[in-house]
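Residue numbers (the numbering used here), protein chains in the order written: chain A, 1 to 275; chain B, 1 to 310.
In case anyone wonders, no lab produced these hints; they're calculated from the structure. Just so you know, not all the hints are guaranteed correct.
Derived SDA-like pairs (lysine to any residue); straight-line CA-CA distance at most 20 Å [to be verified]:
| id | chain 1 | residue 1 | chain 2 | residue 2 |
| --- | --- | --- | --- | --- |
| 1 | B | Lys-150 | A | Asn-230 |
| 2 | B | Lys-155 | A | Pro-188 |
| 3 | A | Lys-263 | B | Thr-114 |
| 4 | B | Lys-155 | A | Lys-263 |
| 5 | A | Lys-263 | A | Ala-171 |
| 6 | B | Lys-150 | A | Pro-188 |
| 7 | B | Lys-116 | A | Gly-6 |
| 8 | B | Lys-116 | A | Asn-3 |
| 9 | B | Lys-155 | A | Gly-6 |
| 10 | B | Lys-155 | A | Asn-3 |
If you want the ones that stay clear, here's a sample from chain A, every Cβ over 12 Å from chain B, calculated [as the list claims (entries may be wrong)]:
| id | residue |
| --- | --- |
| 11 | Arg-5 |
| 12 | Leu-41 |
| 13 | Gln-61 |
| 14 | Leu-66 |
| 15 | Val-122 |
| 16 | Val-127 |
| 17 | Cys-152 |
| 18 | Glu-169 |
| 19 | Ile-194 |
| 20 | Phe-215 |
| 21 | Thr-227 |
| 22 | Pro-252 |
Heads up, the beta-carbon is just placed ideally off N, CA and C, and yes, glycines get one too.
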Amino acid sequence: MKNTRGTVIGLIAILGTAIFFLVPFAFIFIIASKPLAEANLLEFSWPEQFVLLDNLRQAFQARDYLLVIAFINSFLLTVASVAGLVIFGAMVAYVWQRRPGRLGPLVSILVLAGLIVPPAVVPTIWVLQKIGLFKTMPGLIFIEIAFGLPFCILLFRAFMSTIPRELDEAAIVDGAGPLQVFFRVIFPVLRSVIMTVIILQSVFVYNDFANPLYFLPGTQNATVQLTLFNYKSQFTTQYNLLFANILLVIVPALVMFIFFNRKIVEGMAAGSVKG
Amino acid sequence: MASTLGTTTTPPIAPVAPEGTTTRGRRAGPYPYWFYIPAAAIYTVLFLVPTISGWYYSFTRWDLFSSTWIGLKNYQTFFAEQALVIGLRNTLIYATMTSSLKVVIGMLLAVLLTAKIVARGYLRSVIFFPVLVSTIGVGMTFTVLMDPEKGLINKALGVIGITGPDWLVNPKIAIFSIGLVDVWQGVGLATVIFIAGIVSIPSDYYEAAEVDGATRFYSFLHITLPLARPAIATVITLSLIGGLRSFDLIWAMTGGGPGFASDTIGSVIYKQYQAGFYGLSTAGSVVLFLLVSAIIVPLTWWLNRHEVDR
């Protein structure tokens, strides 16, 4: 009896999620597959002429291959910021967890502040200008690191407390310096949480819109999210290309999700509860 | 910097201290504070300095090169000009609406998805996936779906005999329409946090309650809800912070329009910046900072205090 009940509720839920969650994605796919005139009707129907590949090609070629440049920019931004977040975040979490000392409370206040306080936009631009990093990729990378650190530090710290101290002590007794202990002994043990941080932060940085908008303006600097936005005005009469573009932007997230579903969900739940 | 290993590492790990000091007599301990430096430098320069100097510049007329002290004038403008007051009010409405809907719907979904039903894994994945999708992409898609005449939502509602509202076109409801999309995208995160909270409750409690003849609803009220309290606190805090800071989705869907009807502080800050009113924009940042702190700090304290009480 229980099983039939579970099946019925499950089927209702499948139908419900299909309407609410799958239809919007199906809509993106369908419009992206239609020729211009048909797409602009915005109807939820199977394309009479299926021209997805052609639309994708056109979306890539638009504005002198701006989308290709944007993908390269987004890729650079994501890889560099995530690398910085992993290394610097783990270093902080390591010392913070192992040696709370007098600085410990200060670190926790700063981490909490970083999680709660919304960044002040114009003063940040002003600082970036002063140090010559405004409108530069390195500037945006540092911004992503600064804003992402608190979350990463918390995730690393939670995991760090599960690593036995005997591990570092053994290495210290063997005469290893702090850097060696950290990079040769601790870092490899952190592998699983490092994967989590890499996956989560890649998704965050890749999807980030506000920071590139503010701190890296300029067409040639556009990241993927920004091209989407810039295209808006241009493509209001070309819905097939707009949606082809949206589809392309979503694909990396979908790939990450297919491969790392479990890790992402666990990491997000753990990270949020810690935060 | 640490003078000796012994003094700094004594409290937590007594055994290693003597060995550490005797080995090489290194000056820095095994956990040197300079490990903080790269992170601290980036965080200080790009987060602390802007935040704190913003407090000063919010009292000035500012063009990034020179600034003139004008006292509270920016704040007066902020609270006097109709367009900006709407932004303030919308921010509160939006944050309250999205976070309460995420808590309620997320909890219902979490209870459903921890029950014995078919296709649980699939359902969890489908509900969570939008969390990972570009907010701008989601916003643009729903802008099209919410079109009053051509949009799929109103067409579908028409089929079952309901005249759909003018979602984003009607200034009175535009902010709520965006809020619904925010909930659509973010409810998956609330759900997985609740699921994590619910599965950590020992099943004996439910079994004992069942033996005592408790109904499912009674168990939910008296076991699930109180024991999932930390998860609920987390979801409320996270979604309030997100809601108060909201900008991406609003900018992608209406750009604050029609008129200023769906502006929030986040979009006001951007608009004032674009218009070159840097002091006013920075005052907006400070207002947002104060608003977030005034809501989140007491709330966190209150939620955690109850957690200890239990």
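Against the structure, the hints come out as follows:
no., hint, verdict
1, Lys-150/B with Asn-230/A, "violated, 23 Å"
2, Lys-155/B with Pro-188/A, "violated, 55 Å"
3, Lys-263/A with Thr-114/B, "holds, 19 Å"
4, Lys-155/B with Lys-263/A, "violated, 38 Å"
5, Lys-263/A with Ala-171/A, "violated, 30 Å"
6, Lys-150/B with Pro-188/A, "violated, 55 Å"
7, Lys-116/B with Gly-6/A, "holds, 6 Å"
8, Lys-116/B with Asn-3/A, "holds, 8 Å"
9, Lys-155/B with Gly-6/A, "violated, 32 Å"
10, Lys-155/B with Asn-3/A, "violated, 37 Å"
11, Arg-5, "violated, 8 Å"
12, Leu-41, "violated, 7 Å"
13, Gln-61, "holds, 20 Å"
14, Leu-66, "holds, 16 Å"
15, Val-122, "violated, 5 Å"
16, Val-127, "violated, 5 Å"
17, Cys-152, "violated, 9 Å"
18, Glu-169, "violated, 5 Å"
19, Ile-194, "holds, 16 Å"
20, Phe-215, "violated, 9 Å"
21, Thr-227, "violated, 10 Å"
22, Pro-252, "violated, 9 Å"
Checked against the numbered hints listed earlier, the structure breaks hints 1, 2, 4, 5, 6, 9, 10, 11, 12, 15, 16, 17, 18, 20, 21, 22; every other hint is satisfied.
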